[in-house]
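So you can see what is in the structure, the chains are spelled out below.
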Amino acid sequence: EAQVTQNPRYLITVTGKKLTVTCSQNMNHEYMSWYRQDPGLGLRQIYYSMNVEVTDKGDVPEGYKVSRKEKRNFPLILESPSPNQTSLYFCASSSPGLAGGGTQYFGPGTRLTVL
Amino acid sequence: AQKVTQAQTEISVVEKEDVTLDCVYETRDTTYYLFWYKQPPSGELVFLIRRNSFDEQNEISGRYSWNFQKSTSSFNFTITASQVVDSAVYFCALSPFNQAGTALIFGKGTTLSVSS
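If you read the sequences in order, they're chains A and B. For what it's worth, the numbering used here labels the leading residue of the first sequence as 1, then goes sequentially. For what it's worth, the numbering used here labels the leading residue of the second sequence as 1001, then goes sequentially.
Heads up, a few of these hints could be off.
As the list claims (entries may be wrong) - Derived lysine-lysine pairs resembling DSBU-like cross-links, with alpha carbons at most 30 angstroms apart: (1) LYS1038/B <-> LYS57/A; (2) LYS1003/B <-> LYS65/A; (3) LYS69/A <-> LYS17/A; (4) LYS65/A <-> LYS1038/B; (5) LYS1003/B <-> LYS57/A; (6) LYS18/A <-> LYS69/A; (7) LYS1070/B <-> LYS1038/B; (8) LYS18/A <-> LYS65/A; (9) LYS1003/B <-> LYS1108/B; (10) LYS65/A <-> LYS1108/B; (11) LYS65/A <-> LYS17/A; (12) LYS1108/B <-> LYS1070/B; (13) LYS71/A <-> LYS1038/B; (14) LYS1108/B <-> LYS57/A.
Don't read these hints as lab results, they were simulated from the structure.
Can you make the complete structure from the sequences, with help from the hints?
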């Protein structure tokens, strides 16, 4: 089944404790992105990647890191989480091109709480 | 600036009613993509439809239909004979053609509640 998977789905942590949210896709997509969803602010892009070793900032990159060492994986790293990073996080993947390309398919989401 | 506006924050209907969700967008690009996504209470984001700016044909898929009007910068979504399972938050989104697959500008969403 074609899908984007994220782990963990739920995480409660404390301020300053480094964490990684993993994202993996099995659709051989070149593009991957991370978003956060907050009440009243909607969905905002954190980082995106157009290929292995190619990443770029989205709208709200502060406090986050990403890496793309393999095509299928795009982990999101919070090196020193703070309470304002409490949010629902989504990973997405997409292929470029006209024929069906450009559509971002989303993972199930990771609900993060930073105390 | 690129922007997507979903003016209806919440809509409540009774089962079997038809409901239209409005979406108005702003962009200076001549080519772009428009999308609708559904977020049910379980929280995942489900892709519903993608439309190219150069294709203004309306689309129907079962009880769902979409009306794209470039002249009014609107991409409205109609659910015919709504069902309780249609209860969700619906997002309209815009992607510039040259950023397709990376940039996705979302509206704030419309929460649809369908009661039996």
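Checked hints:
1. LYS1038/B <-> LYS57/A: This hinted pair holds, its Cα atoms lying about 26 angstroms apart.
2. LYS1003/B <-> LYS65/A: holds, 26 angstroms
3. LYS69/A <-> LYS17/A: Judged against 30 angstroms, a Cα distance of about 23 angstroms means the pair holds.
4. LYS65/A <-> LYS1038/B: holds, 28 angstroms
5. LYS1003/B <-> LYS57/A: holds, 19 angstroms
6. LYS18/A <-> LYS69/A: Holds, because 20 angstroms separates the two Cα atoms, which is no more than 30 angstroms.
7. LYS1070/B <-> LYS1038/B: Within the cut-off at roughly 23 angstroms; holds.
8. LYS18/A <-> LYS65/A: holds, 11 angstroms
9. LYS1003/B <-> LYS1108/B: Satisfied, since the Cα-Cα distance of roughly 10 angstroms is no more than 30 angstroms.
10. LYS65/A <-> LYS1108/B: holds, 26 angstroms
11. LYS65/A <-> LYS17/A: holds, 14 angstroms
12. LYS1108/B <-> LYS1070/B: holds, 21 angstroms
13. LYS71/A <-> LYS1038/B: Within the cut-off at roughly 27 angstroms; holds.
14. LYS1108/B <-> LYS57/A: The hint holds at about 21 angstroms.
This entry satisfies every hint, going by the numbered hints stated previously.
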